[in-house]
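A.B. asks: One letter stands for each residue in the lines below.
There are 2 protein chains.
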Amino acid sequence: MRTLISEVSSLVGTDVTLCGWVHRIRDLGGVSFVVLRDRSGSVQLVFDAKPTVTLESVIQVTGSAARNEKAPGGIEVRVRTTEVLSAAEVDLPFPVNQDPAKMPLESILDNRMISLRNPQILSIFRVQSTILRCFAECLRAEGFSEIKTSKLIGTGTEGGTGLFQVEYFETKVYLTQSPQIYKQALIASGLERVFEIGPAYRAEKHDTPRHINEFTSLDVEMAFIKSEQDLMDLETRILAAIFRGIRETNQRELDAWKAAVPDPDLCTRIPRVSHDEAREIVTKETGHKVYEITPEGERTLCEWAMKTAGIEAVFVHGYPRKSRPFYTYPAENNRTRSFDLLFRGLEITSGSMRINRYDMLLENLKAFDLKPEGLADYLSIFRYGCPPHGGFAIGLERITQKILALASVKEATLFPRDRKRTRP
Amino acid sequence: MRTLISEVSSLVGTDVTLCGWVHRIRDLGGVSFVVLRDRSGSVQLVFDAKPTVTLESVIQVTGSAARNEKAPGGIEVRVRTTEVLSAAEVDLPFPVNQDPAKMPLESILDNRMISLRNPQILSIFRVQSTILRCFAECLRAEGFSEIKTSKLIGTGTEGGTGLFQVEYFETKVYLTQSPQIYKQALIASGLERVFEIGPAYRAEKHDTPRHINEFTSLDVEMAFIKSEQDLMDLETRILAAIFRGIRETNQRELDAWKAAVPDPDLCTRIPRVSHDEAREIVTKETGHKVYEITPEGERTLCEWAMKTAGIEAVFVHGYPRKSRPFYTYPAENNRTRSFDLLFRGLEITSGSMRINRYDMLLENLKAFDLKPEGLADYLSIFRYGCPPHGGFAIGLERITQKILALASVKEATLFPRDRKRTRP
Numbered sequence: 001m002r003t004l005i006s007e008v009s010s011l012v013g014t015d016v017t018l019c020g021w022v023h024r025i026r027d028l029g030g031v032s033f034v035v036l037r038d039r040s041g042s043v044q045l046v047f048d049a050k051p052t053v054t055l056e057s058v059i060q061v062t063g064s065a066a067r068n069e070k071a072p073g074g075i076e077v078r079v080r081t082t083e084v085l086s087a088a089e090v091d092l093p094f095p096v097n098q099d100p101a102k103m104p105l106e107s108i109l110d111n112r113m114i115s116l117r118n119p120q121i122l123s124i125f126r127v128q129s130t131i132l133r134c135f136a137e138c139l140r141a142e143g144f145s146e147i148k149t150s151k152l153i154g155t156g157t158e159g160g161t162g163l164f165q166v167e168y169f170e171t172k173v174y175l176t177q178s179p180q181i182y183k184q185a186l187i188a189s190g191l192e193r194v195f196e197i198g199p200a201y202r203a204e205k206h207d208t209p210r211h212i213n214e215f216t217s218l219d220v221e222m223a224f225i226k227s228e229q230d231l232m233d234l235e236t237r238i239l240a241a242i243f244r245g246i247r248e249t250n251q252r253e254l255d256a257w258k259a260a261v262p263d264p265d266l267c268t269r270i271p272r273v274s275h276d277e278a279r280e281i282v283t284k285e286t287g288h289k290v291y292e293i294t295p296e297g298e299r300t301l302c303e304w305a306m307k308t309a310g311i312e313a314v315f316v317h318g319y320p321r322k323s324r325p326f327y328t329y330p331a332e333n334n335r336t337r338s339f340d341l342l343f344r345g346l347e348i349t350s351g352s353m354r355i356n357r358y359d360m361l362l363e364n365l366k367a368f369d370l371k372p373e374g375l376a377d378y379l380s381i382f383r384y385g386c387p388p389h390g391g392f393a394i395g396l397e398r399i400t401q402k403i404l405a406l407a408s409v410k411e412a413t414l415f416p417r418d419r420k421r422t423r424p
Numbered sequence: 001m002r003t004l005i006s007e008v009s010s011l012v013g014t015d016v017t018l019c020g021w022v023h024r025i026r027d028l029g030g031v032s033f034v035v036l037r038d039r040s041g042s043v044q045l046v047f048d049a050k051p052t053v054t055l056e057s058v059i060q061v062t063g064s065a066a067r068n069e070k071a072p073g074g075i076e077v078r079v080r081t082t083e084v085l086s087a088a089e090v091d092l093p094f095p096v097n098q099d100p101a102k103m104p105l106e107s108i109l110d111n112r113m114i115s116l117r118n119p120q121i122l123s124i125f126r127v128q129s130t131i132l133r134c135f136a137e138c139l140r141a142e143g144f145s146e147i148k149t150s151k152l153i154g155t156g157t158e159g160g161t162g163l164f165q166v167e168y169f170e171t172k173v174y175l176t177q178s179p180q181i182y183k184q185a186l187i188a189s190g191l192e193r194v195f196e197i198g199p200a201y202r203a204e205k206h207d208t209p210r211h212i213n214e215f216t217s218l219d220v221e222m223a224f225i226k227s228e229q230d231l232m233d234l235e236t237r238i239l240a241a242i243f244r245g246i247r248e249t250n251q252r253e254l255d256a257w258k259a260a261v262p263d264p265d266l267c268t269r270i271p272r273v274s275h276d277e278a279r280e281i282v283t284k285e286t287g288h289k290v291y292e293i294t295p296e297g298e299r300t301l302c303e304w305a306m307k308t309a310g311i312e313a314v315f316v317h318g319y320p321r322k323s324r325p326f327y328t329y330p331a332e333n334n335r336t337r338s339f340d341l342l343f344r345g346l347e348i349t350s351g352s353m354r355i356n357r358y359d360m361l362l363e364n365l366k367a368f369d370l371k372p373e374g375l376a377d378y379l380s381i382f383r384y385g386c387p388p389h390g391g392f393a394i395g396l397e398r399i400t401q402k403i404l405a406l407a408s409v410k411e412a413t414l415f416p417r418d419r420k421r422t423r424p
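Quick mapping for you: the protein sequence lines, in order, are chains A and B.
Start counting the first sequence at 1; every next residue gets the next number (my numbering).
Start counting the second sequence at 1; every next residue gets the next number (my numbering).
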């Protein structure tokens, strides 16, 4: 019967059987120390003679658990029998047991199959798993249904640019940039509240620490809202749930990255400023007049939020009409009922109240120089009765990146796809 | 303040404000009855004069909740004020308030944006949402982490056929048929237990009630198993969790489809028969000697399981080597450590113990006439220590179909993609 390494400390004085990976080997002549790693942690094994194992081999050992003040964690296992379940070759392409901060990102990603074994690198995805759980749990508790929609569409809702083309039997389709049209169809179908977790694609030639061409979109759509404020309220509750979940589940991972999540109770204090106010804040804070909110401006706004509200996040709403998609509900002065959430200097959410009236939508298509012909399926949602609604999407990799203070969003992506990277 | 329709019965004698869709209109001259539908149910509204509303319009009404034995559910709301939030045009392309059994599948799918409004059709996806929840909850409770891997790969693991090609900047990639290589990389990374819920693609020219070209794969992979029996044990617990969850959450939806889920406690009785035994059973039950298990044979096996174990499900294990992928762990007599789960006459799961030893994998590549060159990333998982492991995948749409006894898997897919269908 296998014991997890995390359970060994409560079994001192008894025999245990452990399974895991050989993380480190130290041979002191008469005695050898091996650090064994499993999904629950790591522990020092003591061998009387040097065992014939290589780094990263998977082994099963049986021995007695004992206290030893000098051992990491104060516990060690004195091994009597060893079985090699899978022997690793010696030419490891990535130093699994070294500090990943010393390794260039390209090497980490090129050797992804092996670099994921580094406990600190792997810990990123334990946190990500918690985010996925808390996002879904929070929404389900509020009556949301989970949906799974097609990632292949005939035409793009956001215009034809930025789409990856797929050869589909005798025709061509595109990878979806977001489940936008489907989310809207489903709130209008009567589900009213839906969320989807799925891949989304952007065929953009960016090569920055904040862009990837395939990402996981945490999508939300909600009917019968009064305004975009309801959406910011909902996202506030989601953020608090995620931060609370990570604090409860991932303290070890936060420690590994010397990271901290904001106090969940502070989420309700996240400032909400209009796009115009945001530009004034950036102008005032930097001393330079700004007309757009650049990535640098996003950082300034989050620093300002930290000073004024104690949390490095800010909702910016009321973006100009020309900078948002055609389905965004318009507001006065060529503004929109839209918002972004900036967190630790990065936009991690984009959302808005949507146009739900057919006539208004047709008007807006004209203003955006779009033709209704290609959008017949989409338009039918509104032609036959659609409640007031809105929604938003959180980038899974971006929120993971910012929670752990990672330099690049690619670090927070298991198998990132960028302009040049299509493997592993 | 909005009241959900499900709450009206506890508010008799008070004023309520409801929001929803006009499901049915019946004008009796002096008085009009309207059935209003929201996400929680439907209720009869009473108007003194015929309201100027059309079917499917979204309205908000205020009135007094009252008992009326003649009203459906014994409750009605006598309306005083009505606001039309979104008026529907009168040329509805699909009869939302009719029995969907009378509508051809092609019409349901062609008009998907509107046909989803039919409460019975929509109820399929409430059940699907429960399946998604229970699958994840069951696995998380057993220490599994949720992963999100790329759906774009340079080459296929299952050979080059059946892949959709994507134009990716200056190169070409393919849509993944399964997250197989990534699941294996992640159990070997040290997570040990992972699951993924995501889209999977098969570029096969099938056109049957059991095939779609894009489906949602509920994928599981688990390290340190002793044999494929551990995987069947795990799937048994997952199935019980799903059946239990649907019974607790979706009785209304089951009633709508006159469907029932098996008793969760019977899951442990699901027979496990070898492929050879399965052929004998089919031969005996049908009186015809069989050499392969055809779709008809799958139905026969499930009927046999119902007779012998009281549940319409059966695990078939030990498939011949030539019928399973190259990474399947071989067994004696050219058999494999693989299994399928057949449920109500349909294969809904395929799984196996995988080869975890590098040398054995290289041997098997040869036997399958595959070249190691294109699989360097995959092979590195095994070259550097990989625990014994295995996994399986459940088709979300197929299990939904079978739970509700739907004629086609396409009915259980929000926006199905088949050879000819790429919209909506």
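Some clues are possibly wrong.
Any copy, or any two copies together, can satisfy a pair, since identical chains are not distinguished.
Cross-link-like lysine-lysine pairs, in silico, BS3-like; alpha carbons within 27 Å at most [as the list claims (entries may be wrong)]:
(1) 420 to 371
(2) 322 to 420
(3) 366 to 70
(4) 258 to 371
(5) 371 to 102
(6) 172 to 420
(7) 205 to 172
(8) 420 to 70
Calculated from the structure, these hints are not laboratory results.
A.B. asks: Look at each hint and say if it fits the structure.
C.D. replies: Cross-check of the supplied hints:
1. 420 to 371: between (34 Å within a copy, 24 Å between copies)
2. 322 to 420: For residue 322 and residue 420, the Cα distance exceeds 27 Å both inside one copy (31 Å) and across copies (36 Å).
3. 366 to 70: For residue 366 and residue 70, neither the intra-copy (74 Å) nor the inter-copy (50 Å) Cα distance is at most 27 Å.
4. 258 to 371: neither (51 Å within a copy, 44 Å between copies)
5. 371 to 102: Cα proximity of residue 371 and residue 102: none, with 53 Å in one copy and 35 Å across.
6. 172 to 420: both (23 Å within a copy, 11 Å between copies)
7. 205 to 172: both (21 Å within a copy, 15 Å between copies)
8. 420 to 70: neither (47 Å within a copy, 68 Å between copies)
Hint check: violations occur at hints 2, 3, 4, 5, 8; the rest are consistent with the structure.
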